[in-house]
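Q: From first to last, the protein sequence lines stand for chains A and B.
Note that my numbering gives residue 81 to position 79 of the first sequence, counting from 1, and the numbers run on in steps of one.
Note that my numbering gives residue 38 to position 36 of the second sequence, counting from 1, and the numbers run on in steps of one.
Derived from the structure by calculation, the hints contain no laboratory data.
Source: prediction; values computed, not measured.
From the three backbone atoms N, C-alpha and C, an ideal C-beta is built for every residue, glycine too.
Don't take every hint at face value.
[To be verified] Per the computed footprint, the stretches of chain B lying under chain A, defined by three or more beta-carbons under 8 Å from a beta-carbon of chain A, are:
1) 9-18
2) 170-183
3) 186-196
4) 213-220
5) 227-235
6) 243-254
[As the list claims (entries may be wrong)] Capping the alpha-carbon separation at 20 Å, the derived lysine to any residue pairs in SDA-like fashion look like this:
7) K277/B - S250/A
8) K131/B - R290/A
9) K215/A - Q84/B
10) K277/A - P238/B
11) K277/A - E58/B
12) K277/B - A133/A
13) K277/A - T209/B
14) K131/A - A222/B
15) K277/A - E208/B
16) K131/B - E230/A
17) K215/B - L177/A
Single-letter residue listing:
Number of protein chains: 2
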Amino acid sequence: MSRRILIVGTGLIGASVGLALRAAGFTGEIVGTGPTERTLTIAQSMGAIDSWIAKENAESAATDADLILLAGPVLSILDWMQRLAPVLGEHQLVTDVGSTKVQIVALAAKLYNQPGRARFLPGHPMAGKEAGGAALAEAELFQNAMWLFTPLNHSPHPLESEWRQWIVRFGAHTLDLDATRHDEICAWVSHLPQMLSTALAALLEETFGSDSKGREEVAAIGGRALRETTRLGSSPYSMWRDIALSNSEPIAATLHALEQKLAHLRENLRTPELKEEFRLANEFRARRDS
Amino acid sequence: MSRRILIVGTGLIGASVGLALRAAGFTGEIVGTGPTERTLTIAQSMGAIDSWIAKENAESAATDADLILLAGPVLSILDWMQRLAPVLGEHQLVTDVGSTKVQIVALAAKLYNQPGRARFLPGHPMAGKEAGGAALAEAELFQNAMWLFTPLNHSPHPLESEWRQWIVRFGAHTLDLDATRHDEICAWVSHLPQMLSTALAALLEETFGSDSKGREEVAAIGGRALRETTRLGSSPYSMWRDIALSNSEPIAATLHALEQKLAHLRENLRTPELKEEFRLANEFRARRDS
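Let's have the full structure, built from the sequences with the hints guiding it.
A: In structure tokens:
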């Protein structure tokens, strides 16, 4: 059983994990570290971590921990993986919450899971809010959420089993899949909807932003359809930069497919082919609603 | 004051207008007509209409009415406008609920609003459900909804003023605008969100529909983002065919602009230009959320 857990990055996800661990009955020590002291102070005041250590001294905190959770954007996770690998040992588990997994798995294969090195279990909780930050953290964030894993190998380690059990106690469901498949599916179900919503909201802002009468008309006439299809447009770039950088090819492929589908609809607004596209869309939805 | 109102087409909108009239205190007679006897029977049993007349005898019902509401898809409204114009007179008002207005206004200018002819007030309630039909009708459908008008001329007629007052009593807000502008704004805020949601859902169905493992993964991993951006994909073609046919050019223009915007995002997944698109989208949403 872990006695000490280090959370690297105590933003929305990292701090919520700390709160969820406590709510689920974890009685060991939870230490935080990360780039901004203000975030660490908030996380500590909320009870998400017991104490924190400045990022300059993170190595010493890491060597003392049984389990290290890397909770931040993908590029920062890759940096921490590099930095911590040399100071950790076989008895320790590193896991993460990164939104894309191919690059993390590739680096883990190089630096972890070999004689003398710590274990690495790549993870990805599908949970979040439209804004980030420790102040929005809550123990219930992972209830009924999907927590994905893209393990490097299938020989289970006791610390991995323990971590998976905590996640079940958080109220989350888990699913294991291949990292490449993970990044492709996430491109379809998460990254493409985000890009589409950003594109639509940005286009409307360009079209009506400097036309005050048009803005009023859009606000007056636009209803639930517009609200739902542009809602993700409020997501900040800071949360998406690393996803776009670390999953560019799958995202570009889904975007290209959608561009072609929209062109097909555009060319068939007056032909029976439009009916076939509505039929396909109806089928997709019927499957999800049933 | 109208003593008799004829509702042509007692589907979701037509039957809801009948119920809303009664709820708002209309004490005159409400007669229904339309293409399907089953729909008329349901509307009558719900109390949305007092009686109905088979569509073959609609002319006689129309000559007896003070106000005639054409409630159906745009192409059927255009048909009814042609059919009824010759039998109506100056003392009567025809109004409609069509989703697009340019073709209706053009036909109204030809057949109505001239000596010896009935008045025509083009209207468009922004209300509905994902499915249609009289059985889903409710008196509250128009509460807080926007009811748009695209009047042909600005000399108000007493029957027009009366109809506008009923709509206010339904709990709706009203806004007058030019028909061309109406169709353009609706393309942006309603038709484009519909087409992109249909496109995304159809694309996902094509990609994963015959791959049972993929379907399960999409279902397990897709969350609120996917649900909201594909929700309109359940809208039936029957509700959208006439909109696509009667507003093809504005819809095609918005689709083309979105295709270009998606391509721009795709080409800039790894450049700082992506940040600018997120900024524009954030601004659009901040305006709507404030």
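Q: It remains to establish, for every hint, whether it holds in the given structure.
A: Against the structure, the hints come out as follows:
1. 9-18: violated (count 0)
2. 170-183: Check passed, 4 qualifying residues.
3. 186-196: holds (count 8)
4. 213-220: Per the Cβ count (4), the hint holds.
5. 227-235: holds (count 9)
6. 243-254: holds (count 6)
7. K277/B - S250/A: holds (15 Å)
8. K131/B - R290/A: holds (18 Å)
9. K215/A - Q84/B: violated (34 Å)
10. K277/A - P238/B: Measuring from Cα to Cα gives roughly 9 Å; hence the hint holds.
11. K277/A - E58/B: The given pair, whose Cα atoms are some 30 Å apart, is violated under the 20 Å limit.
12. K277/B - A133/A: Distance ~16 Å between K277/B and A133/A Cα, so the pair holds.
13. K277/A - T209/B: holds (18 Å)
14. K131/A - A222/B: holds (19 Å)
15. K277/A - E208/B: holds (15 Å)
16. K131/B - E230/A: Holds. K131/B to E230/A sits at ~15 Å (cutoff 20 Å).
17. K215/B - L177/A: Given that 20 Å is the threshold and the Cα spacing comes to 13 Å, the pair holds.
Of the numbered hints listed earlier, those contradicted by the structure are 1, 9 and 11.
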